[in-house]
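First to last, the sequence lines map onto chains A and E. Just so you know, we're using this note's numbering here: the first sequence kicks off at 63 and counts up by one. Just so you know, we're using this note's numbering here: the second sequence kicks off at 8 and counts up by one.
These aren't lab readings, by the way, just hints derived from the structure by calculation. Keep in mind it's a predicted model, so treat the numbers as computed, not measured. Here a beta-carbon is modelled for each residue, glycine too, at the ideal position from N, C-alpha and C. Be aware that a few hints might be false.
[Stated by the list, open to error] Quick list of the computed label-pair ranges, beta carbon to beta carbon:
| no. | chain 1 | residue 1 | chain 2 | residue 2 | range |
| --- | --- | --- | --- | --- | --- |
| 1 | E | A461 | A | S173 | 47 to 53 Å |
| 2 | A | D268 | E | L243 | 54 to 60 Å |
| 3 | A | A85 | E | H77 | 36 to 42 Å |
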Amino acid sequence: MTWRVVVGTLLVVATMIIVAFTAINEPARMADFDAGFEARSIEVGAALFESNCMSCHGITGQGIPGVAPALNSADLFNGTRLTEVGWTGALEDYVRLTVAGGRPLASTGTSYPQRMPTWSQEYGGPLRIDQVENLVDFVMNYGLTYAAGTGAETAAAAPAAEGIGANLTDPALPAGDAARGEQLTMDLGCVGCHVTATVGPAWLADSHPSGTGIGTRAGESVTASDYAGEATNAVEYLRESIVNPNVYLSTGFTAGVMPAIYADSLTAQDVADIIAYLETLK
Amino acid sequence: MAEIFKVHIPFLDDVKEKGLKDALVAKTDESVERLTAGMNIEAVRSMLRGDPVTRPNPRVKPHADGFWLHMRPTYFNKKVMPWYPTFRLGFLAVYFLVVETITGVILMFWYTPSTLVAYENMLNIMGNVPLGLMLRDLHKIGAEAMVAIVLLHMLRTYVTGSYKKPRQFTWHTGVWLLLFTLFLSFSGYLLPWDQLSLWAVTIGASMSEAAPPPVVGRIVDVLVRGGPGFGDIGLLRFYLGHVLLLPILLFIALGIHYYKVIIHGHSLPPGVEADGEDTARKVPMGVRDYFMPDVMTKELYWIALWTFIIIFAVTVGNLYHAPLEPHADPQITPLHTTAPWYFLWLQGMLKLGDKLIWGIIAPTVLLGFAFVLSYLEVGPSRRYIRRRLGMSFAALTVAVFAILSYMGTPYYAVSSSPDQEVMAVLAPQTHPGPLRGTPAEELVVGEYSTHAVASVPTAGLLELMELYEEELVKFGDDLPDSEGLMIIEDWQVGLKKITLRVLWNGGERAADLAVYLHADSNYED
Chain A
63 MTWRVVVGTL LVVATMIIVA FTAINEPARM ADFDAGFEAR SIEVGAALFE
113 SNCMSCHGIT GQGIPGVAPA LNSADLFNGT RLTEVGWTGA LEDYVRLTVA
163 GGRPLASTGT SYPQRMPTWS QEYGGPLRID QVENLVDFVM NYGLTYAAGT
213 GAETAAAAPA AEGIGANLTD PALPAGDAAR GEQLTMDLGC VGCHVTATVG
263 PAWLADSHPS GTGIGTRAGE SVTASDYAGE ATNAVEYLRE SIVNPNVYLS
313 TGFTAGVMPA IYADSLTAQD VADIIAYLET LK
Chain E
8 MAEIFKVHIP FLDDVKEKGL KDALVAKTDE SVERLTAGMN IEAVRSMLRG
58 DPVTRPNPRV KPHADGFWLH MRPTYFNKKV MPWYPTFRLG FLAVYFLVVE
108 TITGVILMFW YTPSTLVAYE NMLNIMGNVP LGLMLRDLHK IGAEAMVAIV
158 LLHMLRTYVT GSYKKPRQFT WHTGVWLLLF TLFLSFSGYL LPWDQLSLWA
208 VTIGASMSEA APPPVVGRIV DVLVRGGPGF GDIGLLRFYL GHVLLLPILL
258 FIALGIHYYK VIIHGHSLPP GVEADGEDTA RKVPMGVRDY FMPDVMTKEL
308 YWIALWTFII IFAVTVGNLY HAPLEPHADP QITPLHTTAP WYFLWLQGML
358 KLGDKLIWGI IAPTVLLGFA FVLSYLEVGP SRRYIRRRLG MSFAALTVAV
408 FAILSYMGTP YYAVSSSPDQ EVMAVLAPQT HPGPLRGTPA EELVVGEYST
458 HAVASVPTAG LLELMELYEE ELVKFGDDLP DSEGLMIIED WQVGLKKITL
508 RVLWNGGERA ADLAVYLHAD SNYED
């Protein structure tokens, strides 16, 4: 019996020491946990960005002219943009509010004719509150690039090489690479309107009322009686739609929605690749 | 008038009479006697020293007059005091029930049963509440231990034949206790509202849907989950079941169970009595071990030991931590979802075929059999040698449950696409896994192939690529002529994107998995 009393007492003392030791280290452990949690939240946010935001805001958040503004850019984090829109609160709240609620209307005076969709389930969007938080953490993490002064600003919005211009036959298109074209349509955000949503005519056969893809319809449209453009074949028709989108509009769509910037910003190779890809969408 | 307000303190009279010191000693002695319901200081000291008992025995008074000890016997038979035959399992089960109650009540202060904040509550408990992580880990380790100990206690009772006459009803209440313990543990599973919670419980709860006829199944399912899937209502139901209904039922059943244990006395080891005889109630003078001090010190020692073990395990020992997976998402089913380990046998049975037969009828029959076993098996002998059939049955049952549990794991008869399996080995959905466990600085930006494993720049990457190659070889039949790529890119400050791409049929088929990894995410721990 005596050894039990002795060992039992020692065990109680040992337990108390362990708990005290743990309690002393709690502030450090909790700080560590919070940092780890913040980091994991950014990871989750990155995955959500890839599946929900990338098609409009660009793969690396560099923004897509005419579709959605840059998030990976200095003006968002140095206060310039907040001043422009007249926001007096914290940037993080601005980002959270925008992600959660989107924009009820397209912002006037900008080159973004579409409204940003609502994302939070609170306002009828698809994402849970914690997922909105993950996205906010991810977007805010772009700020480190600029705070750290790494000069990575130049990485955003790479300047285009020689633009293809608006002529449909000059320069002649080089051979197209459909795989690169598909990647381009994602990088440039084309899929945001033509695949994910149907702000523009749907590319995929499943999403279009005719049941045919853009590759098939291009050939049909160019010979249709109401066609008013200058193209004489499917390739030229697609090229025209990219470089000079307002010449001829598909039924039900209005002028000015598709940005008329690609004649300057895309090279002949880019356009050839995109057309090669679109032609595969029968 | 003055008389009404006259204050009379008897203690002052004592001081006047005996002097301050003697009066204080007498008062203390009296207080101790009141607190212990009958033992003064001298009796307590004599008890702790283990002095022989005096007549009348003051150590029985707390059992007769006090509330807490009236539930405990004054003495036990010496034969039931060693490890064998009880292994202290019943005591331990109650110990863990107390641990669960204490830690559970404290955790309730930081928990709201709502799908909007339940998961956030977990993060708060783990990252913002001092000792919160320890409490949560203790609650979880206690829950797992309690289930295991109750099962072992049941097995022990069966093996020593302690369920036989006159203890049939004690066994019966024990099966209820097992049932409540399982459901308590299971209902607690849902509360953190992570992927593990949602899917483990979904597997269990969806079985209720198979209850016949279909209309009943649908109603039961809706009653359990509060709707076609788990949401706020289902979470609230599980929460209330976990913190109110099931504990109440468990404590009631425990009261009855222990009352019966005391009424019949702890059954003596098999073989010390003649067949069919039960002498446990009468404990002759010579073979008594009094509760005070022998049993009490043993129990206190046992409490100190186990408290030390579990607290050590979840703190400085770092041996066990309650898991927390990503936020519950009904849209994303993790690659391999399993029920809690004590329900794996059920998941295994479900793989045998029909949900109604294996998911409802078979478990119901098994449970029903457990409930009435003590009334069906009425062989008089408790000696092992005369219970060959019974012992074989016990061994067979344990073996069958072990095999069924194995069958419940993803290792048995689960078909999924091999390319996903390979990538899931490196970056599983349900726990961090080797890729996330690799320190960020070891993941150097670049593109690596399993065809050129030797050329990777760091040891951590080498380990990963070797594992990658090994897995592709293992799935060689399904993924002929395969190559595994790992593309590491810088994505943001501190954040890397790692793309796993499995190519097979010589590059004709491919599958991708993207993993984002932050330098501070601490998965190594």
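Verification of the supplied hints:
1. At roughly 51 Å, the beta carbons of E/A461 and A/S173 sit within the given window of 47 to 53 Å.
2. Taking 54 to 60 Å as the suggested C-beta distance range, the pair A/D268 and E/L243 does not conform, at roughly 40 Å.
3. Evaluation of the 36 to 42 Å hint for A/A85 and E/H77 yields a pass: the beta carbon distance comes to about 37 Å.
Hint compliance for this structure: hint 2 is the single one not met.
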